[in-house]
Structures are given as structure tokens and as C-alpha cells.
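Novice: Listed below are the residues making up each chain.
There are 4 protein chains.
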Amino acid sequence: MATFHGHFSSVSLGGMQTSLQVILPEHHLSTPNRTLYLLHGLNDNETIWTRRTAVERYADTYGFSIIMPFVDTSYYTDMAYGKNYWTYLSEELPKAVSSYFGLNPDPASTYVAGHSMGGYGSFKLALNHPEHFAAAASFSGALDVSSLLEYTPEDKKDQRRRSLNIIFGENSDLDSFGGDLFTLVNQHQKAKRPLPNLYQFCGTEDYLYNMNTKFRDHLTTHNIPAYYEESKADHTWDYWDYCIETFMRKISEAEKGLD
Amino acid sequence: MATFHGHFSSVSLGGMQTSLQVILPEHHLSTPNRTLYLLHGLNDNETIWTRRTAVERYADTYGFSIIMPFVDTSYYTDMAYGKNYWTYLSEELPKAVSSYFGLNPDPASTYVAGHSMGGYGSFKLALNHPEHFAAAASFSGALDVSSLLEYTPEDKKDQRRRSLNIIFGENSDLDSFGGDLFTLVNQHQKAKRPLPNLYQFCGTEDYLYNMNTKFRDHLTTHNIPAYYEESKADHTWDYWDYCIETFMRKISEAEKGLD
Amino acid sequence: MATFHGHFSSVSLGGMQTSLQVILPEHHLSTPNRTLYLLHGLNDNETIWTRRTAVERYADTYGFSIIMPFVDTSYYTDMAYGKNYWTYLSEELPKAVSSYFGLNPDPASTYVAGHSMGGYGSFKLALNHPEHFAAAASFSGALDVSSLLEYTPEDKKDQRRRSLNIIFGENSDLDSFGGDLFTLVNQHQKAKRPLPNLYQFCGTEDYLYNMNTKFRDHLTTHNIPAYYEESKADHTWDYWDYCIETFMRKISEAEKGLD
Amino acid sequence: MATFHGHFSSVSLGGMQTSLQVILPEHHLSTPNRTLYLLHGLNDNETIWTRRTAVERYADTYGFSIIMPFVDTSYYTDMAYGKNYWTYLSEELPKAVSSYFGLNPDPASTYVAGHSMGGYGSFKLALNHPEHFAAAASFSGALDVSSLLEYTPEDKKDQRRRSLNIIFGENSDLDSFGGDLFTLVNQHQKAKRPLPNLYQFCGTEDYLYNMNTKFRDHLTTHNIPAYYEESKADHTWDYWDYCIETFMRKISEAEKGLD
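Chains as they are written, first to last, in the numbering used here: chain R, -19 to 239; chain B, -19 to 239; chain S, -19 to 239; chain P, -19 to 239.
If you are wondering where the hints come from, they were derived from the structure by calculation, not from laboratory data. Note that the structure is predicted; figures quoted are calculated from it, not measured. It is possible that some hints are incorrect.
Any copy will do: because identical chains look the same in the list, a pair fits if it lies in one copy or spans two.
Here are the computed lysine-lysine pairs in the DSS-like style, where the Cα-Cα straight-line distance is at most 30 Å [as the list claims (entries may be wrong)]:
| id | residue 1 | residue 2 |
| --- | --- | --- |
| 1 | K212 | K75 |
| 2 | K230 | K212 |
| 3 | K172 | K136 |
| 4 | K194 | K212 |
| 5 | K170 | K136 |
| 6 | K170 | K137 |
| 7 | K75 | K172 |
| 8 | K136 | K194 |
| 9 | K136 | K75 |
| 10 | K236 | K136 |
| 11 | K137 | K230 |
| 12 | K75 | K194 |
| 13 | K230 | K172 |
| 14 | K172 | K212 |
| 15 | K75 | K137 |
| 16 | K230 | K170 |
| 17 | K212 | K170 |
| 18 | K230 | K75 |
| 19 | K236 | K137 |
| 20 | K172 | K236 |
Okay, chain R solo, but in the shape it has when bound (with noise of 0.2 Å):
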């Protein structure tokens, strides 16, 4: 595959700079033309995924092209006190991309994944757009943000406090913004809105484990079908290699009739 790194200035983020890294099919080979959003954790910037893991070989295996952008620690939100990053990612990158790279995928083969931080963006993504999406993927992630404090041990909680205050706000109304994952997945089951496919991964031993099980039973429970897969695992990239395989794997084969 070819990859490429670059920067270029965001209209959504007030004329910044921003940087990128995507992975594209190689000019003279004709590859499936699957195109996947990978999204990073918090503390993450665009290049962690080909660092941490070896996406861009599963990229050549099973046929994507792959875009990485940067959010900061904004957790896929147009934060109270910083920049739009949500409005960045949903309507700005798109337009990105096909300027630069001349992608212009089909909905039928658009995919978005990410762990952590970016498995909630990657479900945030998926419920408010699933016009352009064929499926979305969490590893790991962050599902549930109106509980986050909770799950943060006692000795961490005013810095965690403070964070959320400066993504979310004061009151942190995540509906507002079509933030809360558990919301979009009752309003989606009222309008009977078609969805994309969801995967949901996570370890048993990983902190966010509860948040997982509680999403899961709240998509069960709506009649939301959904690929649930848990292992004994922890919040770790070497976890999150497997995942980002088996997704794009699963994701291959479905489309061959075989899953």
C-alpha cells in the first residue's frame, strides 16, 4: 500500500493546521475500494495506529484504503472551550480527502473504527450519519461519556472533571449535541431509521468493561443487531491489533457472503 503524511490548514479549526495520514491502494493494482475512518484514542495523534499496530499491511490484505486525522483530546466533540473537531471530522474531512486524494467513497463501502476515545467517535459518527456508513467499529471504547468520572479512579477524578468541563461544558449535555450513544440508539429505534452494521469489541479486564456491557444490553434490548466480541483482555494496543484485523477481516468476508 501508499501512504502518505501531510498537513494542511482546517476551515473547522478556525484556519489551523492540521495532519494527516492516510493509506491508499498502490497506483497500478486494482484493490476493493473499501474506504475506513480509523479514529485514535485520547492522548493519540494520527500516526499512533500504523505506530502501534500493523494496519497498513491488513489494509493491503483485505482491501482499504485507510484516513487517520487528528482530534486532539476532544473526544470527536466541538468542544465548549476549544476547537470544532466534531464538525472537523463529520463535514470537513470528507471534503478533505476528496480534494486531496480524490476519495469519494460510496456509503455501501465506507467504514469508521477507533479505540477508546475513538470507538465513542467511532459510534458518535455512525448513529448521526448512517447515510454514510455501510458499518462502524469500537474497540474498547469510550461509550458511555455521561459516566466517564465514574470510571475514573478517586485520586484522578478532579483532573477527569476538569477535562470534561472543557470538551462537554459546565453542564455537560451531551444530547444537546448528539453526544450520548444511548439516546441516538433510542431515537434510531423510534424512527426506524436503517443503521450500520455495529461491531463491538472489548476485554473483560479492561476498565471500561461495564460501560461495554451496559451498550451492548442497551442495543439488545432496542432490537438493535450488533457483532458483540469479548476476550481476556486489557485496555492495550496489542488487543486493539487483533480488533482492527478482525474487523476489517469479518468486514471482507461479509461482503463474499461469508460471515
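The hints should help you fit chains B, S and P onto chain R, whose structure is shown.
Specialist: Here is chains B, S and P on its own, set in the frame of chain R:
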């Protein structure tokens, strides 16, 4: 010159991945042992100086290693709502470049420079840590941060006010964290503390011109010698390309007794 | 401007990973649709133009996308003992940039330029594929490759002879593969084939100066109009920084009818 | 781990710009002080290990700094028709990483590994400079260079012969420049010179499998102890991802007395 770009985890930034660009002398050549911290402006990143100017060529001509960090839109501040970029720049970065590149520069041959927001950062660093630098340069610097709002066009004042609150807090008490350059000058004069040589460049067409003459006059009033140069120039990269070369040439000549 | 650096597998180079640097217009701005292939000199790589000059700034000012490939020390040739960099440059690279960046430039707005070995490459490309380019520029170009050995200091002649053998073969029959610029000029004059506009820059202190005046005279003798400019300059990057901006400005002015 | 990618001018390569990728321990963490030179295969470059495997993650887990140079298609040789990549690798590169990154590793904690052509390079380095390395690993290595032609499919033999001539010269006298691993083994046995620990991995489905069992048997015959492991695997990156992690884990365990 050799050049490297990369990423590492910053403690001051909460463990976040941060990006760094450096220019180093070729390993097989003996070049003067000067080190320059080169700071970016608002909405730029660590790559901007190498992209908009020929700074690597000047590093070769005048004998400098160059360190170019990323500080987001922080105004080189521990942000009221955001990350501790001041701590990162002033405390962690020197340790990081010592660890990664073996750079342990002598203060007598260490310099800092920047444009716009980075001009403010350069003088803020030099006036808070005069013992670390031989000289500091500001190119079209936003030197009077407390009056930035006045320099902002009416229709952008709301957005600017919001940005300043995020950076400096609602009360914007610059003095309390060593952020007001005018106060720092007063303090140094009273303490008769030796200061790095200050180099101030500004274009007469720059929207920050009055802010720059105000600071120049403040230095003069307080009997702090400084190099001041103005040209018919605007707030643009062709001028900063001229400024950085001129500053590096002047440092080089001064050390040879030519200035 | 946006900029990307990356790697892909080249068919012409036997499947080898090759590196590419590009500068593209910001996705949200409508800029003139000019494309410039910008070629490096001996011992350089695809990053050198961005590192030693402010070319990204000029791309913005004058409205160019820029493609900067890597060709090793090949003299833009399918090497006698080595890789097929000429095929890569002249046939594969346009397809690659079309695939990766959606760049399908109109010949009327496509340009090529380079310095030293890259000046030769630029004119070689323009004279072999005049239908692809509106103009070509050589800065201090090694335009008379067949006499390169004469321009080499006595104590380096052996090494140079060896290098030339590796590139061009023991007999160095430049004509047989379209490598002699003087012969190409003759052929074009006879065929009355329309040529791209040629821009030739050289410093009077350059060790390749006589080679450049020889080529200028050859063009004059054959009634091929060309822009020729010489300055008191040597074979150095400060001059090429001047040359590339001047060339881009002249192209921009010419299209506006100012030249 | 921190990671940097960049460019510098190499003396051994005639002053040419060469590219280098490194992975370094985070500046704020005390990690084991192991250094691994990690070598690429034919048609790869300095970025390939980070792109096709999760090597940065293993560097973190097992405590290694990693140096990844670029050697073109040179077979880690001072090429008959080309550049002196052997001199670059074996003499200049250690000085370069000492200069740029302050890396001056103790031979007792210095390692070398590579796949395919890089497996050959790894053992060539270890057998020519046993005093510099604690261990060396070959993954699917092209260990018997003198028989490479026999391993080449009939329809590609001409191209391969041509490539080998460019690298090793018409007579391919491997012995004369320390390039035949079998001869080196003989010499070491006679001289009873201590050798680095050798780790040899190969897949049974690999087209170089017989070459690898031949070398394994040669070591056995000469009473040189080595770790040998084979799996049902082909000449592919998923296997090398497994190999590099396994090698690093074994080194780590051996130092802890677990191996």
C-alpha cells in the same frame, strides 16, 4: 543540515503525543554549536517554518541547530482551559531534546525566536528565563497580549474574546503567570537582572505595528537596550523569511565581532 | 498550501518503494490549476526543495501544485547499471499522481523545473515530451551531459568517469536514448515541432557556466526562442531559491499577459 | 516510544541525502538500554518495518531503541556498480546515530535483525563485526547469496543475473569482500573467535527455505550453536511480524535468565 520530524509522549501535556521538527548539523561536519528554539504563530504547527521559509539553508550558513515545537493555539501559556504548553516549552522540551538528540546547549549559545504569537512566546521565554538564552527575537510579535482584543476587527471580537478566555481565563490576569511582557521588563529593570539581547522586528504595515512600537518605547524608557528594526512589510511569511535570516546573520556576525 | 510526503511501490523501479513530496492547494480555496514537476540535483532527494528554499510559499503566491519525485543519482535516465528512473519520471509518475492525488493536469498549465542535474532532467523531459508541458526551466543545469567529464576537477575525474559509466554505460551513447539536449534541439528544429517555452538561468560564477552559454548559443543558432538570465551567482541554493520564485512569477505574469 | 524520521548527507554514499527512521525510548521513562539495527529487504525502504509490523509496540514492551537505515537494493554491499552501502551501514551509520541521537550502545546490548535481503545483511554484519553485537537474527534470510540465481524462476533469471552483476560485479567474488556467510562461518570456527548469538527463522513454504536449512546445517557441522526455528509460513510480512516480536521477546527473556 540533517533534519528529523517525529512524535513523542509529553508529560506536561498529560501524556499526549506531540510533534517536533529539528534541524541538526551534519554528523561529519564541525559546525558552530548554536541552538535556536524557533516558535510558530497562531494556527501554525511545528512544520511551518521549514515550509514557508528557507530556514534550513540559513541554519547551515550561520551554524545553528534548530528546535521547532508545537504548541497549538496556546499563546505559549498553561491554558486556563486546555494544556500546559508553557510548562512543556520552558521545562520539558529542553529535557526532551537532550534525551532524543543529545542537545545540551550552553546558554551563551542558545537562542529563541518566533513570529506573531511566537514572537510573544520568544520574549516571554527570554524574560522569564534570561539565564537560558544569549538572545531572543520577535518578528511581528503579538507583544502586548493584554490589548490583543483592541487589535481585533469588530466583527471578530466575539470569537477573539472567546479564544482569549480559553487561553488566559476569564480574568486574563497575565501578570500572575509571567505572561505580561511589559511587567516583566519593569521587574528586570528594578532587579537589575542581566537580560538576553533582544531583537525586535516589525513591518510598518502590520496590524500589530502599534503594539510593537509601544513595546520598543517601553524598553527605551526602561533603559533596556534592544535591536529594533522596522521595514515596509505586512504580517506575512516573505517578511519573516527575511527576519529569520537577518537575525541568524546578526548573531553570527556579533560573535565574530562584526556587529 | 497543503503538503504530503509518502512512499509507494514503483513498477518502473522493479517494485521498489519510492518517496514523493507534494504541495497541493488548500481544499477550501480555489487556486489556479498549475502543476509543476520540480526536480532535484545530484545527491539530493525528494525533500530538498522544501528544505533549502521557501517553495511552498511561492506555490501559494503564484498558484501551483508541486510534485517532487526522487530519482537517486540517475541523471533522469534508465541507468545502464541501475534503475529505470527515466521511465519512472516520464511514464509512471504522472499516473501515480493521478491515482494518489487526482492530479490530471492540462499540458497548457503543466511545468517542469530543476537545478543542476535536475535542470538537465527538466529540459530532457520537455524536449522528449513537448506535448506535455507549457514551459520548462533549468537552473544552473548540467545541460551538456556528454562533456561533464571535462568540467570535473582532475583529481575527481576517475570517480566521475565511473559514475557516468554506471548511469550512461561504457559508451555513453546519449543520443540513442534521447539524452543529448543538443541533438534534441536539432531534431525539433528540423521537424518544426512546437516546443514548450524554455527558461534558462545560470550564475556566471558557476562551474557549469560555459556549458550553459554553449546551450544558450545552440538555441539561438537554431532559432529556438528561450528566456535566458544570468546573474553573479554560484552553484548554490540561495540562487536556486531566487530562480524558482522568479520562474513561478514569470509564468504567473505571462498568463496574465504581463510578460 | 518516540519516533523520528529524517534525512542527512552520507559521506560513504558520496554526499547523498539518505533517510533514516528511529524509535527511541520516551525521554521521561527509564527503559532498558538495548539497541536494535533493523534491516529491510529487497525493494523496501527505511519505513517498511514500521508500516508492515507493530515493531514500535514491541520496542516498548521489550525495551529496545531501533535504528532503521535505507540501503536501496544493494544487498548490504559496496556495490560493484553503485554506492557503498556496506561502508555506510557498518562504519558511518553508528557514528551518525551517535551524533544525531546520542546513541552509543554497548555491544553487549546491541542487536541486528532483518528479513530476506536484510536477514543476509544482519548475519553479514554480525559475522564481520562480531565484537559489535550481542546477537543477530535472520528472518527468511537470503543467506546463500552465491546461489541466489538458482532460486530464481527461469523467466526472471536474466533480470536477476543483471541485478547480481550490478551489486557484486561480473565475477561475484563474494569471499573477497566478506560477503559469503558460509566462508565467514568457516573462518570463525578456525579462529575460535567468539560470535554473537545467531537466531535463524524461516518458513517451510518460503522459496528460500532450502537455502536456510543449508545454512543451519553448515552452522551445526561447524559446531556453532544457533537458535533455529521454522514454521509453516511463506515469504510474507505476517510471518516477519511474528519473527521480530519473538526475537525481541527471546532477547528480553534471555537477559532475565528465562531462556
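Novice: Each hint should be assessed against the structure and marked as holding or not.
Specialist: Hint check:
1. Taking the shortest Cα distances, K212 and K75 never come within 30 Å of each other, neither inside one copy (39 Å) nor across copies (38 Å).
2. In this homomeric assembly, K230 and K212 come within 30 Å of each other (Cα to Cα) both inside a single copy, at 20 Å, and across copies, at 24 Å.
3. In this assembly of identical chains, the alpha carbons of K172 and K136 never lie at most 30 Å apart, being 41 Å within a copy and 43 Å across copies at closest.
4. Proximity of K194 to K212 under the C-alpha cut-off of 30 Å is restricted to the intra-copy arrangement: shortest distance 18 Å within a copy versus 42 Å between copies.
5. When the C-alpha separation of K170 and K136 is checked against a cutoff of 30 Å, the pair qualifies neither within a copy, at 38 Å, nor between copies, at 42 Å.
6. For a Cα distance limit of 30 Å, the shortest separation of K170 from K137 qualifies neither inside one copy, at 36 Å, nor across copies, at 43 Å.
7. In this assembly of identical chains, K75 and K172 lie within 30 Å of each other by CA distance solely inside one copy; the values are 29 Å within and 45 Å between copies.
8. For the homomeric pair K136 and K194, the shortest alpha-carbon distance inside one copy (23 Å) is at most 30 Å, but the shortest distance between copies (44 Å) is not.
9. For the identical chains of this complex, K136 and K75 are inter-copy neighbours only, at 26 Å across copies versus 39 Å inside a copy, given an alpha-carbon limit of 30 Å.
10. For the identical chains of this complex, K236 and K136 are neighbours neither inside a copy (47 Å) nor across copies (34 Å), given an alpha-carbon limit of 30 Å.
11. For the homomeric pair K137 and K230, neither the shortest alpha-carbon distance inside one copy (38 Å) nor that between copies (40 Å) is at most 30 Å.
12. Taking the closest pair of Cα atoms, K75 and K194 never come within 30 Å of each other, the shortest separation being 35 Å inside a single copy and 44 Å across copies.
13. In the homo-oligomer, the alpha carbons of K230 and K172 lie at most 30 Å apart inside one protomer (25 Å), although the nearest pairing across protomers, at 54 Å, exceeds that limit.
14. Taking CA atoms no more than 30 Å apart as the test, K172 paired with K212 passes in neither setting, with 35 Å inside one copy and 49 Å between copies.
15. In the homo-oligomer, the alpha carbons of K75 and K137 lie at most 30 Å apart only across protomers (29 Å), although the nearest pairing inside one protomer, at 38 Å, exceeds that limit.
16. Only within a single protomer do K230 and K170 lie at most 30 Å apart by alpha-carbon distance; the minimum there is 29 Å, versus 56 Å between protomers.
17. In the homo-oligomer, the alpha carbons of K212 and K170 never lie at most 30 Å apart, since the shortest distance is 35 Å inside one protomer and 52 Å across protomers.
18. Proximity of K230 to K75 under the C-alpha cut-off of 30 Å is restricted to the intra-copy arrangement: shortest distance 28 Å within a copy versus 32 Å between copies.
19. For the identical chains of this complex, K236 and K137 are neighbours neither inside a copy (47 Å) nor across copies (38 Å), given an alpha-carbon limit of 30 Å.
20. Taking identical chains as interchangeable, the C-alpha atoms of K172 and K236 lie at most 30 Å apart only when both belong to the same chain, with a minimum of 27 Å there against 57 Å between chains.
The structure fails hints 1, 3, 5, 6, 10, 11, 12, 14, 17 and 19 (numbered hints given earlier, in ascending order).
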